[in-house]
Amino acid sequence: MVRLLARFLPGFSWCCALALTAAVATLVWFLLRGGLPASNVELLFGGTRAMDALMLRRQVFDGLFPALFGTVALVLLAVSLAVPVGVAAGIYMAEYAGDWSKALLSLVFDLLAGIPSIVIGLSGFALAIVLHRSFDGRLGPCLLLSALALAFLVLPYLVRSTQTALEGVDPLLRHTALTLGASKLQNIFLVLLPNRLADLTGGIILAVGRCAEDTAVIMLTGVVASAGVPDSMLRQYEALPFYVYYMSSQYTGPEELQKGYAAAILLMMICSLLFVLAFVAQRRLKSWLLYR
Amino acid sequence: MAMLSRTLERLFFLAAIGSALLTAAVFLLLCQLAKPLFQHGGLGTLLCSPWNPGHGQYGIYPMIVGSLSIAFLSVLISFPFSLGCAFFITHFGPLALRRKLLNLVRFMTSIPTVVYGFVALFLLVPFMREFLTGGSGMNILTASVVLAILIAPTMIIFFVDSLQRVPLSYRQAVDALGGSPAQQLLYVVLPMAWPGILNGLLLGLGRAMGDTLISLMLAGNAVAVPTALTQAARTLTAHIALVMAADFASMEFQSIFACGIFLYLFTALLIVALRLVGRLSPRGL
Numbered sequence: 000m001v002r003l004l005a006r007f008l009p010g011f012s013w014c015c016a017l018a019l020t021a022a023v024a025t026l027v028w029f030l031l032r033g034g035l036p037a038s039n040v041e042l043l044f045g046g047t048r049a050m051d052a053l054m055l056r057r058q059v060f061d062g063l064f065p066a067l068f069g070t071v072a073l074v075l076l077a078v079s080l081a082v083p084v085g086v087a088a089g090i091y092m093a094e095y096a097g098d099w100s101k102a103l104l105s106l107v108f109d110l111l112a113g114i115p116s117i118v119i120g121l122s123g124f125a126l127a128i129v130l131h132r133s134f135d136g137r138l139g140p141c142l143l144l145s146a147l148a149l150a151f152l153v154l155p156y157l158v159r160s161t162q163t164a165l166e167g168v169d170p171l172l173r174h175t176a177l178t179l180g181a182s183k184l185q186n187i188f189l190v191l192l193p194n195r196l197a198d199l200t201g202g203i204i205l206a207v208g209r210c211a212e213d214t215a216v217i218m219l220t221g222v223v224a225s226a227g228v229p230d231s232m233l234r235q236y237e238a239l240p241f242y243v244y245y246m247s248s249q250y251t252g253p254e255e256l257q258k259g260y261a262a263a264i265l266l267m268m269i270c271s272l273l274f275v276l277a278f279v280a281q282r283r284l285k286s287w288l289l290y291r
Numbered sequence: 007m008a009m010l011s012r013t014l015e016r017l018f019f020l021a022a023i024g025s026a027l028l029t030a031a032v033f034l035l036l037c038q039l040a041k042p043l044f045q046h047g048g049l050g051t052l053l054c055s056p057w058n059p060g061h062g063q064y065g066i067y068p069m070i071v072g073s074l075s076i077a078f079l080s081v082l083i084s085f086p087f088s089l090g091c092a093f094f095i096t097h098f099g100p101l102a103l104r105r106k107l108l109n110l111v112r113f114m115t116s117i118p119t120v121v122y123g124f125v126a127l128f129l130l131v132p133f134m135r136e137f138l139t140g141g142s143g144m145n146i147l148t149a150s151v152v153l154a155i156l157i158a159p160t161m162i163i164f165f166v167d168s169l170q171r172v173p174l175s176y177r178q179a180v181d182a183l184g185g186s187p188a189q190q191l192l193y194v195v196l197p198m199a200w201p202g203i204l205n206g207l208l209l210g211l212g213r214a215m216g217d218t219l220i221s222l223m224l225a226g227n228a229v230a231v232p233t234a235l236t237q238a239a240r241t242l243t244a245h246i247a248l249v250m251a252a253d254f255a256s257m258e259f260q261s262i263f264a265c266g267i268f269l270y271l272f273t274a275l276l277i278v279a280l281r282l283v284g285r286l287s288p289r290g291l
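Chains as they are written, first to last, in this note's numbering: chain A, 0 to 291; chain B, 7 to 291.
With the rest of the complex left out, here is chain A:
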């Protein structure tokens, strides 16, 4: 039996590898074929002049700009909320937590990382209901709420990446500054974190990617199909992933469908760019920072 398996395994393995490559190639080819004809400046800004739209002087009604703006605003907001907390918690986990609290906390963070994003979205929505009741309908699903929920979603990844980054510091380096009389905090901020900056940056960029692609959380916490560029954080907004989802089921003609394709391409480009950035950060940033 095992002998038979040994004979077929290499061939099977080749087939799997080829199938995987083919699947990704098909996906990219299909998107490009459907969306490239529609990918131009007009796609982003519709009939509005690009400068007017970028300076937020005029609303864009038939372009992807509001969705792109919504996604960027959402990601920036969510990440700036999540990074301080995540990194701080990561530092605590790596440097301060005792055996017991570390075991318990890492169990909780594993749980948080595993909770489906729609459940995070649901709890964000539940929070919105509570707020709605207590603030007399003035607060509801909005950009800020989505950002909070997304921040919560990526928190465990940030904690974990900070923690593993810090724990990966060479013990020799870890103790050098301490023996020279540095305080624990000085050691963390002047030696350990700078030494692991590349890993930290990589983790943060991957968190940005997760925020940009997530659809389930924002679906429940304030994204809508058409809202224009929001003028406050307490407004509903548009976002690229939701636009793609919406177009896939609600398109009315080939032109709209093509915009859906183009939005998918745009979203994928953003995500792959972030991915490449994270990749480069983890590889190169270290040497660049240390040997500049």
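Note that these hints are calculated values from the structure, not bench results. Model, not experiment: these values are computed from the prediction. Virtual Cβ for every residue (Gly too), placed ideally from N, Cα, C. Among the clues, some could well be false.
[As the list claims (entries may be wrong)] Short, incomplete list of chain B residues facing chain A, as computed with Cβ under 7 Å: (1) S25; (2) A26; (3) V125.
[To be verified] Straight line, CA to CA, 20 Å or less: simulated EDC-like cross-link-like pairs of lysine to aspartate or glutamate: (4) K183/A / E15/B; (5) K101/A / E166/A; (6) K101/A / E15/B; (7) K183/A / D169/A; (8) K183/A / E166/A; (9) K106/B / D167/B.
[As the list claims (entries may be wrong)] Stretches of chain A that chain B covers, calculated by requiring three or more beta carbons in the stretch to come under 8 Å of a beta carbon on chain B: (10) 19–26; (11) 68–76; (12) 106–119; (13) 147–159; (14) 189–198.
Put chain B on the given structure of chain A with help from the hints.
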């Protein structure tokens, strides 16, 4: 200075504890909002009765069946496939291609879920409709196939990690005895790396269970209990996304919190299972 460091250290602690407490708070919030539902019929009826709002039945049994069947089927498809890819990366591929495939797999993790769903909707669904399953083409099988591709990178990366952690000396010993790569894999590497493999499998299951977009877009969202793989089904996650529009105070709406609780508990169970598997690992592998 001492003051500052005290404050900062306290802040670190607060960040960690606060995040942990929030995780618990999510569960409590869900329970609180689902409470009227428990009072109405008790847990048993909720989990076992069908979804039929017209007759006052708000059970989530069909969605549980839908979720579990889609998740398990996708893992069933993805597992051998991912294992094959992982073997290619660690054992069978030409050296130049191994790195390339691993990078491709890593790249796949960055492709947004909604893009997978979008492409499958216009490529796989018509194919299924015409050639395989008939009907609308949106069914358990379609969703599972796409989900299998979606969870493959998670599994492959984990498998590769655990396969590579088997000490080099063991692998070299097989080489020295004249064993083929396949023999090395089957007789030495796999028997040592299986807890890691199981770990990756469970993680993949978690991802499949928690995914919303694929099943929402591709599984057809029918509320009847599916009896065949070619039938449409609705998952718990899709149910949450779909019922949102309804009235806040209705039983229909409250049932989605029960779905949330179920998913939360399933995740918790999975995490415990992962921990137990972690204990099985021999010698820190």
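A quick look at each hint next to the structure:
Among the interface hints, the one on S25/B holds; its C-beta lies about 5 Å from the nearest C-beta in chain A, closer than the 7 Å criterion. About 4 Å separates the beta-carbon of A26/B from the nearest beta-carbon of chain A, less than 7 Å, and the hint is met. Because the smallest distance between the Cβ of V125/B and any Cβ of chain A comes to about 5 Å, under 7 Å, the interface hint for this residue holds. With a CA separation close to 10 Å, the supplied pair K183/A and E15/B stays within the 20 Å bound.
Distance restraint check for K101/A and E166/A: the Cα-Cα separation of roughly 13 Å lies within the 20 Å cut-off, and the hinted pair is therefore satisfied. For the suggested pair K101/A and E15/B, the alpha carbons sit about 16 Å apart, so the restraint of at most 20 Å is met. Of the pairs offered as hints, the one joining K183/A and D169/A holds, with about 16 Å between alpha carbons and a cut-off of 20 Å not exceeded. Of the pairs offered as hints, the one joining K183/A and E166/A holds, with about 15 Å between alpha carbons and a cut-off of 20 Å not exceeded.
For the given pair, K106/B sits about 16 Å from D167/B by alpha-carbon distance, which is consistent with the 20 Å threshold. Here's how the stretch 19–26 of chain A fares: 6 of its residues keep a CB closer than 8 Å to some CB of chain B, so the rule of at least three is met and the hint holds. Coverage of the stretch 68–76 of chain A by chain B is violated. Counting CB-CB distances below 8 Å, 0 residues qualify, and the rule asks for three or more. With a cut-off of 8 Å between beta carbons, the stretch 106–119 of chain A has 13 residues touching chain B; three or more are needed, and the interface restraint holds.
Figure legend: the stretch 147–159 of chain A, annotated as covered by chain B; annotation consistent (4 residues with Cβ-Cβ distances under 8 Å, at least 3 required). Coverage of the stretch 189–198 of chain A by chain B is violated. Counting CB-CB distances below 8 Å, 0 residues qualify, and the rule asks for three or more.
The structure fails to meet hints 11 and 14 from the earlier list, while all remaining hints are met.
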